[in-house]
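J.: Sequence:
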Amino acid sequence: MPQFSLSPKLTTRLVVAWLFLSLSHFSQAAIHSDLPDLGAPDLVTYTPEKEKALGRAFSTTLHTQFAMIQDPTLLDYIRQIGARITSKTASHRSYRFYVIDRPEINAFAGPNGIIGLHAGLILAARSEDELASVIAHEIAHVTQHHLSRRFDYQNSNTAATIASLIAAILVGSQNPSAGMATIMGSAGLNIQQQLKNSRLHENEADHFGIRYLSEAGYNPYAMGDFFGRLARESQYDEFTLPEILRTHPVSADRLARADDRAQQMPKTTQQRAFKKDTLTLMKLRLRNLKNQPASQVTQKTYTPAQRCYQKNHQAWLEQAATQVAYSLKCLDQADKASPQSPYFKLLAAQIQIRLAQPQALQTLRYLSELYPGNAAIALTQANALAEFDSKQAAINLLTERLVEFEHQGAFYERLARYYSQQNDDFGTHYYLALQEEHLGNIEKAHYLARQAETFLTAEMRKKNAKLERLKSRLEQYR
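Each residue of the sequence shown is one higher than the one before, starting from 3 at the first, in this note's numbering.
Errors might be hidden in some of the hints.
[Stated by the list, open to error] In silico DSSO-like links for lysine-lysine, alpha-carbon gap of 30 Å or less:
| id | residue 1 | residue 2 |
| --- | --- | --- |
| 1 | K52 | K313 |
| 2 | K313 | K302 |
| 3 | K473 | K54 |
In case anyone wonders, no lab produced these hints; they're calculated from the structure.
With these hints in hand, go ahead and build the complete structure from the sequences.
T.: Dropping the structure here:
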């Protein structure tokens with residue numbers, strides 16, 4: 003199992019961060035059944051500006067200190083579940099969903115609406131309802147301001163170091179190094195303990211999360227069922243206790259409360275029959291990405307359509323470029339048997355691009371009309387345009403769709419690549435700057451924006467409003 007270790011440089015930065023942190027004390031009192039909405043604006047928390055600054059630094063830490071799953075299809079699937087749930091929160095804030103390439107069964111809610119899921123959690127979920135229940139729980143941590151209620155964030159200049167500390171504990175390790183503990187003494191352990199979810203906060207997150215889950219059309223019992231199953235499976239061996247049960251402690255009382263809360267929810271009429279099949283495809287996709295094929299015993303439980311998907315996706319990952327490596331016929335059969343799912347046809351289109359078959363364009367136009375909000379389809383359609391039409395056509399498509407997908411860093415990266423292939427230095431640096439801004443790396447974004455400016459004539463610079471808007475926005479972050 004991979005272990006996260008703190009480098010000497012990062013340890014020093016975290017020690018400095020500790021000097022600026024003031025940890026708020028919170029009550030461990032039992033939660034009442036008539037919970038108030040503790041996400042109300044009268045709470046004493048850090049300001050929205052400081053939260054955004056911490057969120058940017060946290061995002062940078064995630065993408066520089068940890069391995070991330072960047073597969074557009076899997077990420078779009080997770081983000082669509084998240085969007086379905088966040089639409090029920092009556093919150094106007096934006097959320098970002100990331101998948102961390104770690105085997106532990108864990109998830110976390112970071113600053114400024116950042117939700118992280120470990121790959122191990124996705125593989126452990128037996129249904130989309132279970133997966134959605136964890137996402138709903140973490141979203142509730144955000145709506146109830148749990149992280150900000152634990153920190154009195156006092157100095158915006160320490161955002162990067164504070165974010166590194168939070169990430170190290172939330173994502174990487176529940177036991178900071180001995181050297182760290184020695185330097186920071188008992189206060190260091192206190193920081194770690196404060197970040198671990200309190201019983202009060204866990205009950206709040208269950209309470210509101212179950213409501214969001216039900217209103218989004220998912221099974222409200224899934225949250226208690228998932229946590230309860232994980233607890234039962236590890237009850238005789240504390241060394242196999244899933245990380246999510248260490249950071250989100252489960253008790254009989256908590257499970258009973260979750261069950262009572264679920265009983266209060268109206269019966270949903272929005273259940274989607276293909277949810278389990280979709281999760282299975284995403285788990286197969288994730289196992290392929292991690293080069294961890296299912297065992298022969300497990301493979302026997304898959305349907306022919308699922309085995310077809312796994313085989314074709316594996317060949318595509320291996321960049322097979324011959325027709326014999328694929329089975330487009332079985333993908334077509336699977337698609338006809340599951341017309342409500344875009345994933346068989348999308349994989350077929352990706353294979354058609356690999357095999358230089360222009361009919362991929364027609365397939366993707368059809369998919370984009372049916373699923374206009376699917377980022378993976380838009381990115382694949384851009385690939386097809388770049389391959390069979392022109393790089394400019396791909397650029398035009400992605401530029402038009404940026405309004406819908408402004409929080410998708412892959413769009414900026416892809417635009418930068420297409421501009422680079424056209425030898426357009428301004429476009430390349432401009433979109434790389436947007437990508438770094440998206441990741442929260444403001445200093446690098448500043449540098450790339452300045453580089454982009456050098457490729458414009460004085461007259462063009464005056465007319466280039468988008469670069470000026472980017473520069474102005476970056477200045478506001480300082």
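J.: Are the hints correct? Go through all of them and say.
T.: Status of the hints after comparison with the structure:
1. Restraint check for K52 and K313: not satisfied, since their Cα atoms lie roughly 47 Å apart, outside the 30 Å limit.
2. Between K313 and K302, the direct Cα distance comes to roughly 14 Å. Compliance with the 30 Å bound is thereby established for this hinted pair.
3. Distance check on the hinted pair: K473 and K54 sit about 18 Å apart at the alpha-carbon level, within 30 Å; holds.
Hint 1 from the earlier list is the only one contradicted by this structure; the remaining hints agree with it.
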